[in-house]
Amino acid sequence: MVPVIGNEPAPTTTEPKKPAQVNERAGAVQPGVISRIIVFIGLAAVADLWANHNFGFGVRNLAVPAGLAAAVGAVIKLAGTVFGESSVQTAISPFRNLAMRFVGPLITVPALAWFAVLLTAAAATISSVTVFAEGESDRTTIRIAALDRPDATDSATVGDDRQMKHFLVTTTPFGRLFRVAATGYVTESFTVYPPMGRRIRLGSDLAVLPPVLFRPSTQGLSFLHDGAVLLILRARAGGQDTLVTDSGHAGSFWFGRPGPITAAMESDWTNELKAMSAPEALIADHILKWKKARPLSSRLGLRPGDQLRAELLVNGTLVCEGEAILSGSSPIDVRMTDVAVR
Amino acid sequence: MTTQLTVVSRITALALTLAVLPGLTAAQSPPAVGVRVEFLASRYRLAFGTRLELVQTAVADSFAARLKDQIGFVRFRARDPSIEHQLVFLLDQSNRGTNDPFPEYGFWARLEKAGTQVTELYWLPLRPRELSSRGVGTEQEFLGELATKLAHADLRLVRESLLSRVPITKQVLPWSDPPGWALSLGSDSLCMKTSSVLQISSQLRRNGMTLDREDTARVVSIDFRISGATTPSPDHAPFLHKLFSEPTTPNRKAELLTEVRGRNVVVKEVFVLNYQRDPGCRRRPLDPATANPGGAQ
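Protein chains in written order, with the numbering used here: chain F, 1 to 342; chain B, 1001 to 1297.
Since the hints were derived computationally from the structure, they do not count as laboratory data.
Possibly wrong hints are sitting among the right ones.
Said to hold, decoys possible - Computed, partial: chain B to chain F, Cβ under 7 Å:
| # | residue |
| --- | --- |
| 1 | 1042 |
| 2 | 1046 |
| 3 | 1047 |
| 4 | 1049 |
| 5 | 1101 |
| 6 | 1102 |
| 7 | 1132 |
| 8 | 1133 |
| 9 | 1135 |
Glycine residues also receive a C-beta, built at the ideal position from the N, C-alpha and C atoms.
So here's chain B without its partners, still in its complex pose (with noise of 0.2 Å):
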């Protein structure tokens, strides 16, 4: 009799994982991210004169391609407006709102969600104030030198302070064993290390009131799996052989543990906090089709 309940669990397992295959190869895909650029500096705008949309577009498409190269996380496309968060970097003066006769130029960084700003910070020095005097230069001179900023230019501001706060999924299965959270998405796709650091910002129901809460994980699986005292459903087939994080303290896993248990608690968004890029990850192409234009599914 136990050996035919073995046998029958072990078909049942097998029929669900052949149900869940067209799930595991139909992968979700990072949420996209418009880039943008803008010059808010006159000696700048001027410089470029009628060319100027095209400077910006051009300086657009250089960002996008360097921080596509870095940063796996999220998807980049340059000069898309539909897309609902757009990294947009401005080249201004470094001290706005200041009247300096030999002002510094730089780009600063925003993160605009549907045409709203969230966060801004000054982010790459073009020219110190010892060089204000220097001529702008012709397009491809402008260009060649931007092109030399960005290649050494650390991406770390951008990615912590901004970029961590676009949501990569709402697709997230909370787990009990071990305590965690399983992500819709895999190493490949957001070419991710292990000990990349998220936030799970997810909803507890307790005592007929819901509490939000902010949790930070760490990445310690590139491979989820079910144990096979789980009987795989085929709710479990998009998280399969994906992320999976654990929080980093022990007693929040002991939390977590009984949240899931009890059925209590929803996810709402994932964020990174510390992105440990794979450098050997083989990035798929960005299928329009299933980025997500509007951020985290």
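Same shape as in the complex, but just chain F (with noise of 0.2 Å):
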């Protein structure tokens, strides 16, 4: 039993807790705090430079809070140096134990490992495919697919104002193969690896196909008008792949990467038709037509020197047709010819 003297309250064992960074003495800061705060720091730099790299977002100039740190730290430097260490960091102790209220969790010892863990956990399995457009004016579609789920596309266009694109990716640290499809270039499977993932140049990384102009026949423009469906296939051993399908459209088809109606393609459609003793109300309705390309792109992989078919059906019956192979980069032109039909 415990005896007690008067009636003076037993003393207590525990005491106010005071701020575990900070020493009694104002201003002394607790040894180590300095040393976890760079690694912190360290850890979120190297934290932004992932994001940014991989999925272009991030503290977009590391030097302004590095200056205006450094700034701060010099100007208290040079304060004590002037009035006293002591009486500086009296001034500025309120300010500092704010800092360290919000600060502090962060960088304890447990959180800094935890912090560590996921970032490493994450520049380990989220990566980026990051594909950059050839040309300012050239709008494409871009499509990528892990080759062990083909099924789950990613897509998206680049051109005009926004000549890049990040696709956020899943990959293990031993790379994962993705398939990248873009329209009018040649597709190609590349291995994408941690954390810095992969970086696809149009043009250079997939080479450029030849884009294919489908013209159809007079009689294949009337049809059209009344509903026609075109089918784009691609011959194979053995069958044909249907590439894409498309109707409501009384004109010419694009068929990979748009390229531009040059005079030298009109004078020459002109010249045909002329010699086919086409009237000159036609030779112009025709050349209207025709200078209205719809842009179609494939939703397959296309190589050189693949075999380009293109079918107008009416009722499932064809009524015009015509063939390209994929060879070149030049814009391939193709009139579609009619199909007796009886």
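Need the complex rebuilt from these two chains, each delivered in its own frame; the hints are there to steer you.
This is the structure in structure tokens:
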């Protein structure tokens, strides 16, 4: 039994806690805090660089916060030299305590350890494929899919005001294969390793495919007015792959990356029609319709040497057709011809 | 005695007139011609697909209606294959048999007799070459376009090149006073004015030989009457108050007079070469029982 002396309350063994990081002497920083802050900043910088590299976001310019911190430190140091260390520490003590109330939990050893673990895990499994457009005016649809999950396709468009696109992908430290397809380019497969990801430039990493302009015949244009269906097929051993279908457009079709309709092309078309004794009004009509080219892209990857076939179908009956072989890089102009139907 | 004879002859004429009245009322109808439409151009066949038959039927109905409105010397019936003479409209390229990449499409008109082609011609342009890249459009759009074309279509070619080969009657009475031919059809049923030109196909018997003869006759009266000097007989009844035509040349009139008096001419068929339509005529509705499905009677 503990004896009680007078009415004095028993002395308590616990005393009010002081901030862990701060010593009783105002301004004195607990040993190790600076080191943990440096570790924290280092981890944050690595996370920022990783995010910026892979996903295009993060602190835009690390020099700004770094410069600000350096400036504040220099001012405090200068003030300590002029006014005395203790008086400066006393003056900044409330600000420091306030800052430490928020930053303190983040720079504890367990927090830093978790931060490092999570960052490592993320950097080892989450990565990116960044696709860069070839030219400023090229508008290209990009599709990307892991080879082990071809159905899960991610797609986006680059070109115009958006010259690159980050595709967030999951990978493994040993890499993961992805297939990248872009309209008008050869489809390729790439292994994506963390944490760097993969950067792909259209036109160099993905070779350019020649765009094909399919121009329906007079009868083909007429059928297209009435809802004929266009099919673009690729010949393969034992059959054909349907690359794209379209309807509702009575004009020509750019298959692949659309190219410009040049004056030379128009001149050739005019001469072609004149050689067939087309009436003047019909020539003008055709040129106008052929100049309105609808861009189409393949749902399957294409390679040089692929044989393409365009068919116009009316109620399942073939009425117009044209063929092209993908070769070179210049646009291929195909005039489709009528198929005799009786 | 003379007076008695005159009275007797008048009574006889009256009796005969009364006897032929039923013949007057049961007038003969012009021949029927079937109207059929076929789309031969694959462009149009494919455009309408499974509804092709329906569209062809609708077009045949509109053609028949237009023809009925403008031509009275035959009766038009759409979609009746039992009729011997068929007017077939074929939608096809104007330049058949060529591989024209910019074809003009239009209607050919063909006359068929018992399934055999009699004659054919390109009649109604529908889509000129300049519009060959345009779509056919929906059924309604197509029928509307066709109705516009049909409203301004010149039926003269069909009338004079095709329907002129359809005999309108075989019942003709060669007449001598004046020389000419009385038809068993009236202006009300043919909707025909005087000055229309007919072709009379007849057989002559001369010196024991039979000769075929084609005469051109002009309709001069729509009310054939027998003069008082001639006694009407039941054989005259179908021709009374009907069309009467005369040869177009005086020489032929003289010849015909001799032939009729000699009773050595038999008319086989009558065709309409130049039809003058009477816009004010009151066409009797077609009576299927009296129409001539096989052509002329």
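So, going through the hints one by one against the coordinates:
1. 1042: holds, 4 Å
2. 1046: holds, 4 Å
3. 1047: holds, 5 Å
4. 1049: Status holds, d = 5 Å.
5. 1101: holds, 5 Å
6. 1102: Where the cut-off is 7 Å and the nearest Cβ of chain F is about 6 Å from residue 1102/B, the hint holds.
7. 1132: holds, 5 Å
8. 1133: holds, 4 Å
9. 1135: holds, 3 Å
Comparing the model with each numbered hint stated earlier shows that all of them hold.
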